[in-house]
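2 protein chains.
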Amino acid sequence: MSKTINIALVGATGHVGEALVELLEERDFPVKDLHLLASSESAGQSLSFRGRQLRVRSLEAFDFTQVQLAFFAAGVDVTRAFHEAVRAAGCSLIDLSAALPLDLAPCVLPELGEGATQGLTAPWQVSVPTPSATACAVVLAALKPLLQPRQVQLNAMLSISTLGRSGVQELARQTAELLNARPLETQAVDRQVAFNVLAQVGAVDEQGHAELEKRLAAELQQLSGLPGLAVGATCVLVPVFFGDSLALAMQSDVDIDIAAVQRLLETAAGIELVEAGDYPTAVGDAVGQDLVYVGRVRRGVSDPRQLNLWIASDNVRKGAALNAVQIAELLIKHYL
Amino acid sequence: MSKTINIALVGATGHVGEALVELLEERDFPVKDLHLLASSESAGQSLSFRGRQLRVRSLEAFDFTQVQLAFFAAGVDVTRAFHEAVRAAGCSLIDLSAALPLDLAPCVLPELGEGATQGLTAPWQVSVPTPSATACAVVLAALKPLLQPRQVQLNAMLSISTLGRSGVQELARQTAELLNARPLETQAVDRQVAFNVLAQVGAVDEQGHAELEKRLAAELQQLSGLPGLAVGATCVLVPVFFGDSLALAMQSDVDIDIAAVQRLLETAAGIELVEAGDYPTAVGDAVGQDLVYVGRVRRGVSDPRQLNLWIASDNVRKGAALNAVQIAELLIKHYL
Ligand SMILES: NC(=O)c1ccc[n+]([C@@H]2O[C@H](COP(=O)([O-])OP(=O)(O)OC[C@H]3O[C@@H](n4cnc5c(N)ncnc54)[C@H](OP(=O)(O)O)[C@@H]3O)[C@@H](O)[C@H]2O)c1
Ligand SMILES: NC(=O)c1ccc[n+]([C@@H]2O[C@H](COP(=O)([O-])OP(=O)(O)OC[C@H]3O[C@@H](n4cnc5c(N)ncnc54)[C@H](OP(=O)(O)O)[C@@H]3O)[C@@H](O)[C@H]2O)c1
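For the protein sequence lines, the chains are A and B, in the order given.
Heads up, the first sequence is in our numbering, so the first residue is 8 and it goes up one at a time.
Heads up, the second sequence is in our numbering, so the first residue is 8 and it goes up one at a time.
Because the hints were derived from the structure by calculation, they are not lab data.
Since no wrong hints were added, every one of them can be taken at face value.
Far from chain A by the CB rule (all over 12 Å, computed), these chain B residues:
no.: 1; residue: Gly58
no.: 2; residue: Ser65
no.: 3; residue: Glu67
no.: 4; residue: Pro190
According to the in silico footprint, chain A covers these stretches of chain B (three or more CB under 8 Å from chain A):
no.: 5; segment: 192-203
no.: 6; segment: 210-217
no.: 7; segment: 227-237
no.: 8; segment: 241-247
no.: 9; segment: 285-294
no.: 10; segment: 299-306
Ideal Cβ placement from N, Cα and C applies to all residues, glycine included.
One chain only, chain A, in its complex shape:
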């Protein structure tokens, strides 16, 4: 890859944005100019990239004809407001906010290799799957030679960083208030999340589903290549700062061969299988890592046709930033 490109990073001052900057440097991505963008409030801050301090600028005034690729990591509203202008400028877009419908911006799983990006035309618009869809899809892809489930059930225990910086601050503040027996104030969430579990992320629709759960199901159907896959999902917020914990169950029509499942997981790309008896955790294993950690591989407790497993994964790094950079690496190989 001798060519280099100009890149815009929208949401540079956020958790995901900062991880993106780090990864572009770490992985020696062929960047020529890197434009760091955020809201006007943080314009003027700076971030270090390849030994230089880069100024953060306001997204509002930015001209996307200067760049060939833009990462969007600044929330749904920002992507929705800008994606048309970005395309009109001839710039490709990798969205991390799950703002665009999957038919407009299909989601891509780098673990599927070059096939993952087939059929896309430049300037492309792609979606980075949500962190728990990524983790599950990596596992489903690994097991595909053995198991094509008819139903999957996911219980995703998401860390508070799912809500960005304000979520992390909220958990820290609430915890300190409770430990010091001060009255509890709530800001980024509407109730106590410290030492508690919140049953949903954001509002739910008439049918009771959160946006995130619907997106997850659609992404899993697309990424697994099983459009008819029945999906049940409950995404909750736990009082954990970083790292997602997932209990995944897959229903098959035949008895599950656990030894064969373990063999596939041991050698799969992107997965670290933790030995039987032990288990991975978000904080102890996954955070800061590029791999999806899998453990507790077993049949349903009284259901031999069910596969249960446990996944710990870094929502900011593997779940978002790394994935986005890996997707960009695949795409530039083909299209630039």
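With chain A fixed as given, assemble chain B with the ligands onto it according to the hints.
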């Protein structure tokens, strides 16, 4: 109920034991003498009951012929060591530790009413179902006229008080250490549980199942009256002091009628249904309450034949102590 009985309470100084003492008083249980028992370490402490201070005595020296009923809330080993002597003394036993096989000490769900205790003979030995089995069984019982699932999937996010007083102390200490940036020590659990999720409770067997998960499945099969029910269960520990959070999914062969489910839950004994759009939490709703709180009633996100719901329940009170006293109330009505 004009008769009164003598009662022994084993594990009186624990969380569950203290809740039992409170409930026996609150519900005006026909107790004549109450014998509070614990290990020799806490012998000599005292607890208040009906305005008097009762001394805690050592279990070792206790003569069970003095009592007609004994509650055992002091762990698996204590029940296993004493249950035969208790029976030989002609004393009935209500076990809260899940120590006895269900064929020896069937589990009883008070919500099933008088039928729940049919066929038992005095001196009886019964098991109080584990807290999450109780919560799920109450819901399954309420839905029985509409839905007899072929498969249920439970993800139980259990509070650290599941491990008793030492668990509660552990979470408090770990949290304070982390907030004060002191090095983390682990005692009651083998790794960081503050701001983390632990994927299993206790050790797992060769097949990967924890004792608690197997017990839960067996209890659910017995309590639901569906011995062939396929059960998948993942019980994890979350950094919450009190109150369990359960994500429950039930698989049916036909599309789920959500309105009918809601009607049944609204009027069911022992259940508080939270209105659509809102949801209950362990800390905000369930702790200190006698009811099982249910919310997020919905179909699978892409699976109309699945019912998903969310349950918050007090593991110490409804999940253990209240249940035990309700069972005792049913039994003494018939057998004393
Ligand atoms: N956190 C995760 O686990 C995760 C995982 C996958 C995807 N994502 C997605 O990634 C995005 C960022 O998440 P995060 O966790 O990094 O959130 P965050 O820490 O709260 O950061 C949000 C970023 O968006 C910027 N921003 C907000 N409003 C803006 C506006 N009107 N114009 C320009 N920039 C604006 C912020 O800039 P200022 O500093 O100027 O406010 C900041 O850089 C979100 O879409 C999120 O859904 C997050
Ligand atoms: N916590 C829950 O959520 C929950 C729910 C349902 C059932 N349970 C079951 O209820 C039981 C008690 O749980 P917990 O949460 O109350 O635990 P806990 O707070 O740790 O209390 C344990 C109790 O058992 C006593 N004990 C321990 N070893 C003993 C021995 N060798 N001889 C006599 N007494 C002994 C302790 O007495 P000392 O003070 O002398 O040590 C204390 O009274 C356990 O079997 C547990 O599985 C607990």
